[in-house]
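Q: Here the protein sequences line up with chains A and B, keeping their order.
Mapping to the numbering used here: the first sequence position 71 is 71, numbers consecutive.
Mapping to the numbering used here: the second sequence position 43 is 43, numbers consecutive.
Some clues are possibly wrong.
One copy or any two copies: either way a pair holds, since identical chains are not told apart in the list.
To be verified - Below are the DSSO-like pairs computed for lysine-lysine, each with C-alpha atoms no more than 27 angstroms apart in a straight line:
(1) Lys125 x Lys70
(2) Lys117 x Lys83
(3) Lys70 x Lys90
(4) Lys125 x Lys61
Hints listed in this document are in silico derivations from the structure and should not be mistaken for laboratory results.
None of the values given here were measured: they were computed from a predicted structure.
There are 2 protein chains.
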Amino acid sequence: MIIKIDLASEIAIYIQLKNQIIEGIATGQLRPDEQLPSVRQLASDIGINMHTVNKGYGQLKSEGYTLIHKRKGVIINNLEDMKDPSYSEKLEINIKPLIAESICKGLTESDYLNLCKGIFKQLKKGEINKSELNPNR
Amino acid sequence: MIIKIDLASEIAIYIQLKNQIIEGIATGQLRPDEQLPSVRQLASDIGINMHTVNKGYGQLKSEGYTLIHKRKGVIINNLEDMKDPSYSEKLEINIKPLIAESICKGLTESDYLNLCKGIFKQLKKGEINKSELNPNR
DNA sequence: TTAGCTGTTATATACAACGTATAACAAGAA
DNA sequence: TTCTTGTTATACGTTGTATATAACAGCTAA
C-alpha cells in the first residue's frame with residue numbers, strides 16, 4: 001500500500017498516516033495479519049521522522065487496529081478485535097458539527113446521505129475478496 | 001442561546017464556540033439578522049479571553065456565517081449568503097476518515113446512515129419556525 | 001463634544017502539540 | 001555476534017492555543 005503525506009496539509013502527519021492505514025483496512029487493501037513496514041523503514045520511505053511514524057503506529061495499536069507480533073513486527077489486527085460497540089457514541093460527537101455546517105451551507109439531508117453512500121461504495125470496492133478464514137497466528 | 005465551553009475537552013475553545021454557533025444557526029435558534037453578544041461580553045459571560053472569542057468570530061465571518069452590522073455589531077448572515085456550492089468537496093475529505101473508521105469498528109452502512117438521520121432529525125426540530133421573510137437590514 | 005460601546009489590531013507571555021534529531025534499551029532473528 | 005524490531009528518553013525549534021494589556025477607528029447616545 002502506498003502512503004501519501006501532504007506536508008502542506010493542516011492535518012498532522014501522524015494523523016494523515018493513521019487515516020490512510022485505517023482506510024486501507026476498511027477497503028481491504030490491508031488484511032489481518034499483514035505486516036506494516038517498520039517505523040524506521042516507513043519513515044525513510046516517506047521522508048519523515050521515525051518518531052512521527054511511531055506516534056501514528058502507537059495510536060493505531062491503542063485503538064485496536066494493529067498489534068505487535070514478535071516475529072513480524074506491527075501487523076493488522078483481526079477484524080473482530082477491532083470492533084467497538086461504544087464507537088457510535090464518539091462518532092456522533094464528530095459528525096454533529098459536520099451536519100450542522102452542511103445544513104448552513106445549503107446541503108439537504110438527501111445530499112448529505114448520498115455523499116456518505118458514495119464514500120461507502122468507494123471504500124467497499126476492495127471488500128469483495130475480504131472474505132477470509134482466520135489466519136494462523 | 002446558551003454557549004457551553006468544556007475546558008477539559010481536547011477541542012480548542014474557539015472551535016467549540018464556533019461549532020455551537022453554527023449548530024445554533026442550523027437548528028434555527030439563531031436567525032438571520034440576530035445579533036451575537038460582543039466579543040467582550042461573551043468572553044466575560046463564559047469566562048474566557050476576549051481574543052479567543054474574537055478568533056472564533058473571525059472564522060465565522062470569513063466562512064460566511066456572520067457579518068458586521070455597524071449598528072448591531074456581529075449579526076447572523078442571510079441564509080442564502082451562507083450557502084456554498086463547493087462545500088461538499090471539502091466535506092467529503094472530512095467524512096471519509098470517519099466512515100473508514102466506522103467500517104473497521106463494526107458499523108454497517110445502515111448503522112452509519114441511521115446515525116446521521118438521527119442527527120438531522122435532532123437539528124431540524126427548531127426549523128419549523130424558520131420560515132421567514134427577508135428582514136430589513 | 002464627551003463618554004461609552006463596537007470590532008480590530010498589536011505586542012507580549014505561557015503552555016502544549018508537532019516534528020525533528022540523536023541516542024539508547026530489550027527482545028527476537030539470522 | 002550482528003542486525004532489526006518496537007520502545008523510550010532527552011533535547012530543540014516551530015507552530016497553535018489561550019491569556020493579558022493596550023490601543024485604534026467608527027459609531028451611538030447623552
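Q: Determine for every hint whether it applies to the structure shown.
A: We went through each hint and held it up to the structure:
no., hint, in the structure
1, Lys125 x Lys70, "neither (32 angstroms within a copy, 54 angstroms between copies)"
2, Lys117 x Lys83, "both (21 angstroms within a copy, 22 angstroms between copies)"
3, Lys70 x Lys90, "neither (32 angstroms within a copy, 41 angstroms between copies)"
4, Lys125 x Lys61, "within (25 angstroms within a copy, 40 angstroms between copies)"
Hint violations for this structure: numbers 1, 3, all remaining hints satisfied.
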